[in-house]
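Protein chains: 2
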Amino acid sequence: MASSLISRQFALSLQKNLHLSAPGCRYVSKAAPKTQLEFDYDGPSMKTSVPGPRSEELRKQLGHIQNVGAINFFCNYEESRGNYLVDVDGNRMLDIYTQISSIPIGYNHPDLLKLLSDPSNLSTLVNRPALGILPPENFPEKLTESLVSVAPSGMTRVQTMACGSCSNENAYKAMFIWYRNKERGHNTPSEEDLSSCIINQSPGCPELSILSFMGGFHGRTMGCLATTHSKAIHKLDVPSFDWPIAPFPSLQYPLEEFTRENAQEEARCLEEVEDLIVKWRQKGKPVAGVVIEPIQAEGGDNHASSDFFRGLRDIARKHGCAFHVDEVQTGGGTTGKMWAHEHWGMEDPADIVSFSKKLLTGGFYHKDEFQADEPYRIFNTWMGDPSKNLVLSEVLNVIRRENLLEEVNRSGKALMTGLVELQAQYPGMLSRARGVGTFCAIDICDDGTRNRILITARDKGILLGGCGDRSIRFRPALVFKEYHVHLFLNIFNDVLAQLK
Amino acid sequence: MASSLISRQFALSLQKNLHLSAPGCRYVSKAAPKTQLEFDYDGPSMKTSVPGPRSEELRKQLGHIQNVGAINFFCNYEESRGNYLVDVDGNRMLDIYTQISSIPIGYNHPDLLKLLSDPSNLSTLVNRPALGILPPENFPEKLTESLVSVAPSGMTRVQTMACGSCSNENAYKAMFIWYRNKERGHNTPSEEDLSSCIINQSPGCPELSILSFMGGFHGRTMGCLATTHSKAIHKLDVPSFDWPIAPFPSLQYPLEEFTRENAQEEARCLEEVEDLIVKWRQKGKPVAGVVIEPIQAEGGDNHASSDFFRGLRDIARKHGCAFHVDEVQTGGGTTGKMWAHEHWGMEDPADIVSFSKKLLTGGFYHKDEFQADEPYRIFNTWMGDPSKNLVLSEVLNVIRRENLLEEVNRSGKALMTGLVELQAQYPGMLSRARGVGTFCAIDICDDGTRNRILITARDKGILLGGCGDRSIRFRPALVFKEYHVHLFLNIFNDVLAQLK
Numbered sequence: 001m002a003s004s005l006i007s008r009q010f011a012l013s014l015q016k017n018l019h020l021s022a023p024g025c026r027y028v029s030k031a032a033p034k035t036q037l038e039f040d041y042d043g044p045s046m047k048t049s050v051p052g053p054r055s056e057e058l059r060k061q062l063g064h065i066q067n068v069g070a071i072n073f074f075c076n077y078e079e080s081r082g083n084y085l086v087d088v089d090g091n092r093m094l095d096i097y098t099q100i101s102s103i104p105i106g107y108n109h110p111d112l113l114k115l116l117s118d119p120s121n122l123s124t125l126v127n128r129p130a131l132g133i134l135p136p137e138n139f140p141e142k143l144t145e146s147l148v149s150v151a152p153s154g155m156t157r158v159q160t161m162a163c164g165s166c167s168n169e170n171a172y173k174a175m176f177i178w179y180r181n182k183e184r185g186h187n188t189p190s191e192e193d194l195s196s197c198i199i200n201q202s203p204g205c206p207e208l209s210i211l212s213f214m215g216g217f218h219g220r221t222m223g224c225l226a227t228t229h230s231k232a233i234h235k236l237d238v239p240s241f242d243w244p245i246a247p248f249p250s251l252q253y254p255l256e257e258f259t260r261e262n263a264q265e266e267a268r269c270l271e272e273v274e275d276l277i278v279k280w281r282q283k284g285k286p287v288a289g290v291v292i293e294p295i296q297a298e299g300g301d302n303h304a305s306s307d308f309f310r311g312l313r314d315i316a317r318k319h320g321c322a323f324h325v326d327e328v329q330t331g332g333g334t335t336g337k338m339w340a341h342e343h344w345g346m347e348d349p350a351d352i353v354s355f356s357k358k359l360l361t362g363g364f365y366h367k368d369e370f371q372a373d374e375p376y377r378i379f380n381t382w383m384g385d386p387s388k389n390l391v392l393s394e395v396l397n398v399i400r401r402e403n404l405l406e407e408v409n410r411s412g413k414a415l416m417t418g419l420v421e422l423q424a425q426y427p428g429m430l431s432r433a434r435g436v437g438t439f440c441a442i443d444i445c446d447d448g449t450r451n452r453i454l455i456t457a458r459d460k461g462i463l464l465g466g467c468g469d470r471s472i473r474f475r476p477a478l479v480f481k482e483y484h485v486h487l488f489l490n491i492f493n494d495v496l497a498q499l500k
Numbered sequence: 001m002a003s004s005l006i007s008r009q010f011a012l013s014l015q016k017n018l019h020l021s022a023p024g025c026r027y028v029s030k031a032a033p034k035t036q037l038e039f040d041y042d043g044p045s046m047k048t049s050v051p052g053p054r055s056e057e058l059r060k061q062l063g064h065i066q067n068v069g070a071i072n073f074f075c076n077y078e079e080s081r082g083n084y085l086v087d088v089d090g091n092r093m094l095d096i097y098t099q100i101s102s103i104p105i106g107y108n109h110p111d112l113l114k115l116l117s118d119p120s121n122l123s124t125l126v127n128r129p130a131l132g133i134l135p136p137e138n139f140p141e142k143l144t145e146s147l148v149s150v151a152p153s154g155m156t157r158v159q160t161m162a163c164g165s166c167s168n169e170n171a172y173k174a175m176f177i178w179y180r181n182k183e184r185g186h187n188t189p190s191e192e193d194l195s196s197c198i199i200n201q202s203p204g205c206p207e208l209s210i211l212s213f214m215g216g217f218h219g220r221t222m223g224c225l226a227t228t229h230s231k232a233i234h235k236l237d238v239p240s241f242d243w244p245i246a247p248f249p250s251l252q253y254p255l256e257e258f259t260r261e262n263a264q265e266e267a268r269c270l271e272e273v274e275d276l277i278v279k280w281r282q283k284g285k286p287v288a289g290v291v292i293e294p295i296q297a298e299g300g301d302n303h304a305s306s307d308f309f310r311g312l313r314d315i316a317r318k319h320g321c322a323f324h325v326d327e328v329q330t331g332g333g334t335t336g337k338m339w340a341h342e343h344w345g346m347e348d349p350a351d352i353v354s355f356s357k358k359l360l361t362g363g364f365y366h367k368d369e370f371q372a373d374e375p376y377r378i379f380n381t382w383m384g385d386p387s388k389n390l391v392l393s394e395v396l397n398v399i400r401r402e403n404l405l406e407e408v409n410r411s412g413k414a415l416m417t418g419l420v421e422l423q424a425q426y427p428g429m430l431s432r433a434r435g436v437g438t439f440c441a442i443d444i445c446d447d448g449t450r451n452r453i454l455i456t457a458r459d460k461g462i463l464l465g466g467c468g469d470r471s472i473r474f475r476p477a478l479v480f481k482e483y484h485v486h487l488f489l490n491i492f493n494d495v496l497a498q499l500k
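Quick note, the sequences are listed as chains A and B, same order. Per full-length UniProt numbering, residue 1 is the first one in the first sequence, and the count goes up by one each step. Per full-length UniProt numbering, residue 1 is the first one in the second sequence, and the count goes up by one each step.
These are calculated hints, taken from the structure and not from any lab test. Keep in mind that the hints are not guaranteed to be accurate.
Simulated crosslink set (DMTMM-like; lysine to aspartate or glutamate; CA at most 25 Å straight-line) [stated by the list, open to error]: (1) A:K142 / B:E141; (2) B:K285 / A:D275; (3) A:K182 / A:D275; (4) A:K460 / A:E421; (5) B:K367 / B:E274; (6) A:K60 / B:E141.
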């Protein structure tokens with residue numbers, strides 16, 4: 001009773017705030033374009049609690065083959081549409097987590113169904129080439145249409161890879177190779193280089209390092225893992241490298257109210273970065289590259305200012321270290337620009353930019369000088385998958401055709417406004433609403449409450465994910481419109497009221 | 001003139017040897033089944049030298065985006081069929097390298113075209129899930145039909161991954177986790193474990209190691225790379241771990257003529273393995289696992305006996321190390337059994353078996369005790385790709401339906417007989433013909449001649465690959481029949497005669 005009253009009050013306040021006129025608790029925003037409705041449902045629809053009985057049955061089956069501890073539920077992808085994920089028990093949820101932020105334009109987008117039904121694309125699906133030695137005829141064209149068409153400023157070169165971890169591993173290798181080539185004055189490697197590397201010894205396998213940040217996440221293979229510092233469960237029991245780890249700025253929100261304090265905090269972190277670079281050089285393990293996410297995602301959606309990133313790049317340059325921006329989670333349009341680092345407004349922002357997830361293929365862009373001097377240095381059997389480039393090419397067409405980056409900015413504003421409102425309404429429960437585009441997050445008072453919110457929201461048809469110690473991260477697809485924002489806010493308000 | 005004479009003599013000797021009656025240089029073996037011809041060409045057809053002008057043009061285009069130094073030529077996958085790869089200049093080559101050994105049943109197999117044209121599979125191609133949290137309904141069924149149906153002896157559990165390197169990286173992590181859990185007596189990790197691992201320090205990130213072999217290849221990400229010791233170009237300039245590296249037996253061929261010498265050599269290597277395990281334990285970097293290929297592939301197709309592998313497994317067991325068999329290149333049927341290690345005839349051959357390439361998806365099988373105790377320890381966003389499991393499932397159906405393992409054994413025998421014959425005919429040029437099934441290799445007198453053979457063969461319509469310092473490796477698809485063997489041998493003989 002109390003909760004439904006609050007919900008109605010909240011809906012009214014939202015309408016006032018957003019200047020929307022439709023009355024009632026669940027309304028269709030006037031801004032919602034028709035094109036969306038063609039392949040989207042009109043709201044969540046729940047038949048069982050989640051996971052339902054069919055999910056439980058399948059979980060038992062799969063449990064004979066794999067660890068199923070992380071499985072939320074089993075999905076009916078055939079019936080899923082747009083922003084809605086349907087499970088095997090017939091529950092339909094508004095998906096604001098999108099497979100750990102990896103679905104760019106929703107489920108079963110009609111243009112993708114059409115593309116993959118086209119018989120002329122069949123060969124790309126059936127014959128996976130070893131791209132590094134025998135690429136298909138249309139490979140340069142598809143690369144140009146897809147990844148090259150959205151290349152970050154200053155970069156014309158891109159190497160595809162199979163996943164995010166492989167992308168970062170190979171980006172690190174490219175930085176090590178670049179660094180050692182500089183050290184050798186671009187001369188041929190010595191006999192000692194060649195013979196020592198075979199047995200893992202220096203100088204062939206040099207004592208170089210990558211500087212990373214506390215709270216960062218860059219993947220789970222062993223090179224990446226040495227730069228990942230978000231959760232113990234990722235790293236426990238795996239041998240690592242003695243590489244420098246700098247503090248990431250711990251900012252106070254709302255950012256505009258704490259400019260001075262935040263600037264001080266960022267200056268402190270930059271100073272520490274420079275100290276570490278000097279210290280590790282003295283240790284005989286020079287920093288070949290600095291890696292950072294534009295927004296620390298897995299680590300709790302931690303932001304820093306453009307000034308911080310500019311300062312960081314300058315420090316990297318000053319000390320001859322490469323600057324690698326990891327856009328695996330932030331890239332692909334969800335911040336309202338194709339790359340989150342474009343918000344920095346820098347002309348020459350980075351040396352290397354890695355990606356995966358919403359780009360459907362892994363890989364990394366790099367400046368010319370980071371191309372390995374010889375073939376077979378950055379190499380593996382598949383080097384990506386042309387069938388993913390094919391789909392990405394069409395995804396980018398859809399983003400342009402449907403002006404999805406504009407939509408993201410519009411939805412993002414509505415989402416942030418709503419989160420700030422809710423935060424004012426539940427001050428003991430919510431804090432630190434933050435975000436760029438729809439790449440938003442909010443903190444919950446404690447981990448237990450966070451998890452109760454996630455489960456209750458799911459049972460009401462809203463799929464969300466956590467990050468950091470006690471944050472909820474919002475990672476909708478690019479087709480998440482204002483209409484969906486309001487739908488979400490209404491239900492989220494119900495959840496908060498219920499758990500208050 | 002001389003070369004064509006030799007060629008004819010050789011063809012005659014082959015016919016005598018193989019008891020085949022069709023006369024002339026290029027004949028159809030009576031053993032060639034009709035089913036093959038439905039989607040195969042009847043021989044190579046060359047229009048230009050390779051790479052041709054269209055390939056050169058595309059290479060220039062792609063050169064603006066990537067390092068193209070390793071590219072052989074560009075392919076027309078639409079026109080490729082069965083054992084024949086067609087390039088963009090209309091050249092059709094008999095493919096005995098199959099995209100670095102990763103095409104299981106040839107190009108455009110009709111059953112795969114049918115499968116991927118089926119509208120009911122469209123959703124699997126369009127919606128890539130985060131398999132570890134939100135698998136599709138048919139995931140347990142497809143896993144059971146595909147990977148579980150060919151699980152190595154003693155293993156019921158399998159984890160999919162995106163590529164070979166990720167498979168081995170995660171297999172290593174599984175071994176480290178298993179080893180540390182044993183050390184902790186399966187108690188909860190300590191506070192110190194949890195806090196130290198975040199900053200790459202022990203005890204949370206322990207000083208454990210993986211023992212590998214000289215000449216081995218296990219991938220190119222940093223964990224894998226620390227166990228790869230085949231070529232300097234793979235490893236140069238990349239930091240590594242101080243892990244033990246044992247000698248791989250250097251056997252004399254033909255194996256049956258050197259049993260005593262080879263047994264001694266294998267005993268020497270096993271002794272060294274045991275010494276290294278003891279030494280690294282004393283160093284404070286205990287060996288958590290031993291990794292080995294059943295046949296060292298990239299390193300030069302180096303074989304060892306079943307006794308060696310049995311001895312190695314016993315040593316690993318004795319010292320509490322896991323035993324990981326890397327079947328990324330050897331797995332999938334090309335040795336005449338699904339897994340090369342099945343040739344050892346052991347009941348309990350391994351703790352972990354990793355795969356990729358011809359299995360179309362990466363991953364690893366493991367014994368129950370190697371399943372991580374908690375979720376999210378062996379984890380990433382995609383954890384493989386169900387569209388690859390779908391295709392693999394049909395590939396395995398084709399293998400069973402068309403008895404392809406039997407075919408491989410038949411073709412393999414013909415190939416080995418032919419190679420041994422050629423070796424007798426060109427003793428100054430060829431040596432050490434060796435192989436299991438069609439997984440064969442032969443040594444060439446020197447690297448330069450090897451490369452001339454590869455290029456000349458390509459211009460005559462035979463696509464081959466090198467391995468090691470001066471070997472040629474044969475890696476045909478499973479649909480490579482006796483007919484193709486004879487076709488290859490005839491042309492190969494021409495090449496050798498020409499370069500003699």
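Going down the list of hints, with the structure as the test:
{"no.": "1", "hint": "A:K142 / B:E141", "verdict": "violated, 34 Å"}
{"no.": "2", "hint": "B:K285 / A:D275", "verdict": "violated, 30 Å"}
{"no.": "3", "hint": "A:K182 / A:D275", "verdict": "holds, 22 Å"}
{"no.": "4", "hint": "A:K460 / A:E421", "verdict": "holds, 21 Å"}
{"no.": "5", "hint": "B:K367 / B:E274", "verdict": "holds, 23 Å"}
{"no.": "6", "hint": "A:K60 / B:E141", "verdict": "holds, 12 Å"}
The structure does not agree with the numbered hints 1, 2 stated previously, though it agrees with the rest.
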